[in-house]
Amino acid sequence: MTSTVETVSTMAEAARAVAQGATFLAGGTIVMRDVNAGEAAPRIVRTIDPSLNDIRISGDSVVLGAGVTMAQVLANRDLEFLHPAARMIGGPQVRNMGTVGGNLFAPHPYGDFAVALLALGARAVMAGQSGGRPLDDLMRDRSRSPALVAAIECPRPRAGSFGFLKVSRVKPKGVSVLSVAALLPREGGRIRGPRVAWGAMGPGPMRGASAERLLDGQELSAATIDRVVQAAAEGLSPPTDAIATDWYRREVAGVHLKRLLEQMERG
Amino acid sequence: MAKKPVHFSHNGVERAAFADDGQNLLEFLRRGAGDLSPKYGCGQGTCGACTVMIDGETQLSCLVLAESIDGKSIRTAAGLASDQLDPLQVAFMDHFAAQCGYCTPGMLVSARALLERNPKPTREEVMEAISGNLCRCTGYEPIISAILAVAEGRAQA
Ligand SMILES: Cc1cc2nc3c(=O)[nH]c(=O)nc-3n(C[C@H](O)[C@H](O)[C@H](O)COP(=O)(O)OP(=O)(O)OC[C@H]3O[C@@H](n4cnc5c(N)ncnc54)[C@H](O)[C@@H]3O)c2cc1C
Numbered sequence: 039m040t041s042t043v044e045t046v047s048t049m050a051e052a053a054r055a056v057a058q059g060a061t062f063l064a065g066g067t068i069v070m071r072d073v074n075a076g077e078a079a080p081r082i083v084r085t086i087d088p089s090l091n092d093i094r095i096s097g098d099s100v101v102l103g104a105g106v107t108m109a110q111v112l113a114n115r116d117l118e119f120l121h122p123a124a125r126m127i128g129g130p131q132v133r134n135m136g137t138v139g140g141n142l143f144a145p146h147p148y149g150d151f152a153v154a155l156l157a158l159g160a161r162a163v164m165a166g167q168s169g170g171r172p173l174d175d176l177m178r179d180r181s182r183s184p185a186l187v188a189a190i191e192c193p194r195p196r197a198g199s200f201g202f203l204k205v206s207r208v209k210p211k212g213v214s215v216l217s218v219a220a221l222l223p224r225e226g227g228r229i230r231g232p233r234v235a236w237g238a239m240g241p242g243p244m245r246g247a248s249a250e251r252l253l254d255g256q257e258l259s260a261a262t263i264d265r266v267v268q269a270a271a272e273g274l275s276p277p278t279d280a281i282a283t284d285w286y287r288r289e290v291a292g293v294h295l296k297r298l299l300e301q302m303e304r305g
Numbered sequence: 041m042a043k044k045p046v047h048f049s050h051n052g053v054e055r056a057a058f059a060d061d062g063q064n065l066l067e068f069l070r071r072g073a074g075d076l077s078p079k080y081g082c083g084q085g086t087c088g089a090c091t092v093m094i095d096g097e098t099q100l101s102c103l104v105l106a107e108s109i110d111g112k113s114i115r116t117a118a119g120l121a122s123d124q125l126d127p128l129q130v131a132f133m134d135h136f137a138a139q140c141g142y143c144t145p146g147m148l149v150s151a152r153a154l155l156e157r158n159p160k161p162t163r164e165e166v167m168e169a170i171s172g173n174l175c176r177c178t179g180y181e182p183i184i185s186a187i188l189a190v191a192e193g194r195a196q197a
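Keeping their order, the protein sequence lines are chains Z and R. Residues 39 to 305 (our numbering) are what the first sequence spells out, left to right. Residues 41 to 197 (our numbering) are what the second sequence spells out, left to right.
Calculated from the structure, these hints are not laboratory results. Among the hints, a few may not be true.
[To be verified] From the derived model, a few chain R residues whose C-beta atoms are all more than 12 Å from chain Z:
1) K44
2) G52
3) A59
4) Q124
5) L125
6) F136
7) G179
[As the list claims (entries may be wrong)] Calculated cross-link-like contacts (lysine-lysine; reagent style BS3-like; alpha-carbon spacing at most 27 Å):
8) R:K160 with Z:K211
9) Z:K209 with R:K112
10) Z:K296 with Z:K211
11) Z:K209 with Z:K296
12) R:K44 with R:K112
13) R:K43 with R:K112
By construction, the Cβ of each residue, glycine as well, lies at the ideal position given by its N, Cα and C atoms.
Generate coordinates for the entire structure from the input sequences, incorporating the hints supplied.
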């Protein structure tokens, strides 16, 4: 079946079309596959609204327009904390096309950038609404985007408090066996309010509650890391796909979380 | 089905053509603009055979909506040679970097984009630049050597 594509000039118009059931086309790296296969929704909407590509940097946070591409993130030195995640999204062509907004709704095993944003405690600004919505809410039902995301507000982590790691079989551009990100704010040497997020370990990016519980209030020491690693996969239900089985993902989750935490411990 | 007029620069030549609703850029270039250099490999963005430059950036033409290139500049492998071959094309021949040749136009576009951004890439940077282009014949070594030869000025133009 062929699809009809509408081009509108503002996000507000696009949001109205999406509310009526249209599929939003951003970078197209996922939507166009469906279009090519004749499996896309009959109505597709895209916008040429330039605000979609805005990047705003302030002291303690950054705002990324939903249409900002991975390549744009990588070209911006103020976004260095997001580079390890952006660099791991596909090959160069995909990074030139794929957007921040699209990554939030990319199906398994995709969504590695969203994993980083989830750990950072980012919020989504929905088109036509003021105030941000925690990504945690948005990630709970990714299967269809409830409304249009206009931008992402992301707190800037203190130096050394954030880490991201992606594991893939084909390097440098394979899809995820898993990805994991950790934000470990520290007060007087102790971790306060850690956030751990996993990719490819559930239906979409999700928080690692067991790891967070065991990190909270602790020093990032070898003993802490050992305890966290034991419980890393608790509460996660990874899918089985062509890349790995659920069993394998659970088995190796702790190993990779350990590598990430040790890397952060060394600073 | 609605047809949409698209004005674009095609390898330096201003052109206009009609795009079908939902048509991808690869089909548009091959059928609408008669440029057969971008290849159809997978239609899913995995193989890179359809790689073209849009305003200087490599993109996968099979995943680009044709009408979205209105007002933009498209470069394909067909536009690399002028009266002479591009040094990359010569180096690909000298290094036997093409066997079946299906990935070659995409490889050339990715390599050209790299050298314009970074004329002296390291081996790692070359590998990264072609990581979105699959080749099932050469094992990549001859391709990497050809690109490095041009970067290091060892290839005859
Ligand atoms: C070869 C290849 C390799 C890839 N590798 C990776 C990888 O390693 N890691 C990874 O995470 N992803 C990967 N991807 C998937 C994809 O490219 C990225 O996830 C990208 O960020 C998706 O963004 P997009 O703009 O192209 O999305 P689109 O295809 O435009 O949209 C994807 C979905 O998001 C919705 N959407 C888009 N923008 C918004 C918005 N602002 N508000 C609400 N909904 C929205 C769309 O309606 C659609 O449902 C790969 C894709 C390909 C083709």
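Quiz item: Broken hints, numbered, in rising order?
Solution: Per hint list: 1, 3, 9 violated.
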